[in-house]
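Novice: Residue strings, one per chain:
There are 2 protein chains.
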Amino acid sequence: MAETPAPAIVGMAMEDVDTPALLVDLDAFERNLKRMADAIKGSKAKLRPHSKTHKCPVVALRQMAHGAVGACCQKVGEAEAMVYGGVPDVLVSNQIVGAPKLVRLAALARQARIRVCADNTDNVADLDTAAGAAGVVLDVLVEIDVGAERCGVAPGAPALALAKTIEQAANLKFGGLQAYHGRSQHIRAYEDRRAAAETAIALTKDTVALLSENGLTCDIVGGAGTGTYQFEAGSGVYNELQAGSYVFMDVDYGKNEDERGAAFQDFENSLFIYATVMSRVTDDRAILDAGLKALSVDSGMPRMCDLPGVEFVGASDEHGKLAIDKSVVGSNRDLKVGDKVRVIPGHVDPTVNLYDWYVGIRNGKVESLWPITARGMLR
Amino acid sequence: MAETPAPAIVGMAMEDVDTPALLVDLDAFERNLKRMADAIKGSKAKLRPHSKTHKCPVVALRQMAHGAVGACCQKVGEAEAMVYGGVPDVLVSNQIVGAPKLVRLAALARQARIRVCADNTDNVADLDTAAGAAGVVLDVLVEIDVGAERCGVAPGAPALALAKTIEQAANLKFGGLQAYHGRSQHIRAYEDRRAAAETAIALTKDTVALLSENGLTCDIVGGAGTGTYQFEAGSGVYNELQAGSYVFMDVDYGKNEDERGAAFQDFENSLFIYATVMSRVTDDRAILDAGLKALSVDSGMPRMCDLPGVEFVGASDEHGKLAIDKSVVGSNRDLKVGDKVRVIPGHVDPTVNLYDWYVGIRNGKVESLWPITARGMLR
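Chains R and W supply the protein sequences, listed in that same order. For what it's worth, this note's numbering labels the leading residue of the first sequence as 1, then goes sequentially. For what it's worth, this note's numbering labels the leading residue of the second sequence as 380, then goes sequentially.
A couple of the hints might just be wrong.
What the hints assert, rightly or not - 30 Å max Cα-Cα, derived DSSO-like pairs, lysine-lysine:
id	chain 1	residue 1	chain 2	residue 2
1	R	321	W	543
2	W	700	R	164
3	R	321	R	340
4	R	336	W	543
5	W	552	R	340
6	W	719	R	173
7	W	719	W	584
8	W	543	W	584
9	R	164	W	719
10	R	321	W	584
11	R	340	W	543
Since the hints were derived computationally from the structure, they do not count as laboratory data.
Using the sequences and the hints, build the whole thing.
Specialist: The structure is reproduced here in structure tokens:
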């Protein structure tokens with residue numbers, strides 16, 4: 001468990017980067033940062049981007065330089081990686097369960113601004129104990145289920161009850177609502193996606209009002225993702241947006257449609273798996289050195305970049321299979337063993353988690369090597 | 380990019396292991412080692428287990444203590460991890476392409492017995508150059524496509540031609556045939572699986588004979604996996620078997636059928652994802668702290684252990700969703716937040732690649748922490 005060696009040296013040509021590797025097109029990445037900042041300018045919502053996507057404090061700090069208020073994450077180990085990489089304000093947008101993790105979470109709250117979510121009274125009691133033992137007061141948000149059917153208590157009265165439990169705990173403070181509708185992010189049709197988001201927004205709005213009637217103020221009302229951020233931004237209800245994938249994008253988000261039914265293009269692909277053709281025996285097939293351990297296929301296959309007529313059709317542990325249709329116009333590049341190609345990840349988050357390094361590319365050269373310090377931080 | 384901290388301390392109770400973690404049931408693991416050794420006893424084939432499954436030299440050395448002749452692997456980084464962990468004989472059962480990797484491969488051949496595969500004449504020339512520069516003679520096997528439609532030249536004349544090219548290279552030696560039929564491993568019905576394996580065996584046998592007629596001897600005739608090992612072992616053609624999953628097993632291999640149409644039970648599940656219930660809001664649902672970054676779903680969902688009526692129905696990045704059917708007999712364990720459960724991986728190889736540590740369990744206690752040193756060794 002030494003880290004894996006870096007696949008590149010700063011200054012080398014992109015074509016010399018060893019494969020498989022994660023390439024960041026730095027110009028596209030920076031355009032995505034700016035586009036999101038511009039898109040939410042003027043709304044009451046600030047960005048708190050999800051670091052579960054990039055797992056890299058260098059990226060989180062770039063997001064903060066574009067106006068983000070901090071980062072969110074799902075695991076204590078991710079929060080530690082962000083804090084130790086210089087991020088001063090982290091929301092764990094998830095439940096943290098079990099004494100070893102709670103001890104670490106409370107200890108981290110002595111070193112940075114840390115908030116966490118809860119959906120269970122026993123867990124709130126455990127959070128209180130851990131915060132007390134560490135001598136900190138921890139802000140705890142109530143997670144409400146606004147349609148994802150995953151974690152979270154029901155909006156309305158159950159949320160109020162849990163908020164009161166938090167507020168009454170000696171070492172906790174009620175910190176607001178976590179109201180993320182994960183499933184809605186990937187609804188393809190714009191109007192259907194908007195409808196799902198609006199339902200979540202309405203449930204959240206009512207719960208905020210109920211809490212307010214009972215003297216409880218939401219410091220944070222957080223949620224939203226790359227698929228719905230514009231709806232929550234315009235809602236007047238949410239004040240923090242937790243989009244993560246927008247910095248890199250992937251094939252899955254690329255399947256969303258915009259309001260005209262065209263492909264969603266608010267952001268562009270800035271992350272690529274760089275891979276080498278390792279076998280080319282038949283005319284209709286090429287094999288890449290990137291398989292299930294180099295890219296995640298949970299949300300469908302990745303897609304080839306710059307290669308019309310070439311389709312990524314299957315992945316085994318260490319091999320990616322390409323089908324080549326030479327009849328497609330523009331498919332005139334005859335892939336041969338040793339050729340390097342760019343692949344757009346099918347699903348960005350679990351793909352990033354397979355790597356220790358981002359290779360930053362600008363003008364065809366390696367400009368930076370960023371360590372993915374929260375890679376594998378499952379706990 | 381420090382390694383992830385270990386999730387346990389040697390000597391602690393299993394219930395105290397932090398989650399998600401990879402548990403090895405050491406008794407079951409050792410039974411699997413012995414069963415495979417017993418199953419192939421008396422055949423001309425020796426075991427050269429695939430380390431792409433376990434990525435851990437500790438496991439490879441245990442396999443060698445049960446008669447394995449060495450290890451195989453897919454990547455130079457895996458080979459380095461095995462050699463530096465004490466494995467003296469490694470076959471890279473794959474094509475290695477590109478100068479940076481070939482330099483490392485040839486350098487490693489000065490430190491251990493290293494062999495590699497090829498299916499392309501340009502790649503053979505590059506292997507020759509790298510071996511010459513390092514001052515080594517490298518054994519190169521010809522990979523033949525015996526039905527997998529992935530890498531490998533066609534059996535027969537194309538294999539002979541490539542073998543001659545290897546043998547004529549100044550710094551290479553023809554080392555035999557790599558003849559692995561990946562797709563056949565997961566054919567569920569016994570007779571269909573056997574038929575696929577027999578086809579591969581026949582193609583391999585003919586190619587061995589053709590090579591022999593041309594004065595070329597196969598030091599290694601290698602292939603086979605956990606799904607078909609008994610056919611290659613009994614073939615009289617193969618002398619090395621590359622099964623890997625047998626040490627741990629998974630849900631996918633558990634779907635294979637034996638000759639009576641019953642579930643394949645040559646080996647038992649010895650590897651488990653240990654996970655914690657982190658949310659339990661509704662009666663029919665529980666959420667685990669293990670999602671796509673803790674288990675691979677490429678070959679289908681994982682399965683719950685010891686919990687009748689509880690099904691693993693979906694994974695998002697950091698959450699696993701359980702559906703609970705209380706009407707199922709025996710489903711009397713009322714899962715609550717904080718409970719820890721064992722999950723059988725859907726597909727073992729990419730799941731292992733998500734972790735840095737195996738937690739070895741015997742008699743309910745942590746007996747060992749084995750580092751997964753080839754985790755992430757993609758290059």
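Novice: Indicate, hint by hint, whether the structure satisfies it.
Specialist: We went through each hint and held it up to the structure:
1. R/321 <-> W/543: holds (28 Å)
2. W/700 <-> R/164: holds (28 Å)
3. R/321 <-> R/340: Holds. Residue 321 of chain R to residue 340 of chain R sits at ~14 Å (cutoff 30 Å).
4. R/336 <-> W/543: holds (22 Å)
5. W/552 <-> R/340: holds (28 Å)
6. W/719 <-> R/173: holds (28 Å)
7. W/719 <-> W/584: violated (50 Å)
8. W/543 <-> W/584: holds (18 Å)
9. R/164 <-> W/719: Status holds; Cα separation ~28 Å.
10. R/321 <-> W/584: With a Cα-Cα distance of about 27 Å, the restraint between residue 321 of chain R and residue 584 of chain W holds, given a limit of 30 Å.
11. R/340 <-> W/543: Holds, at roughly 28 Å.
In this structure, only the earlier hint numbered 7 is contradicted, and the remaining ones agree with it.
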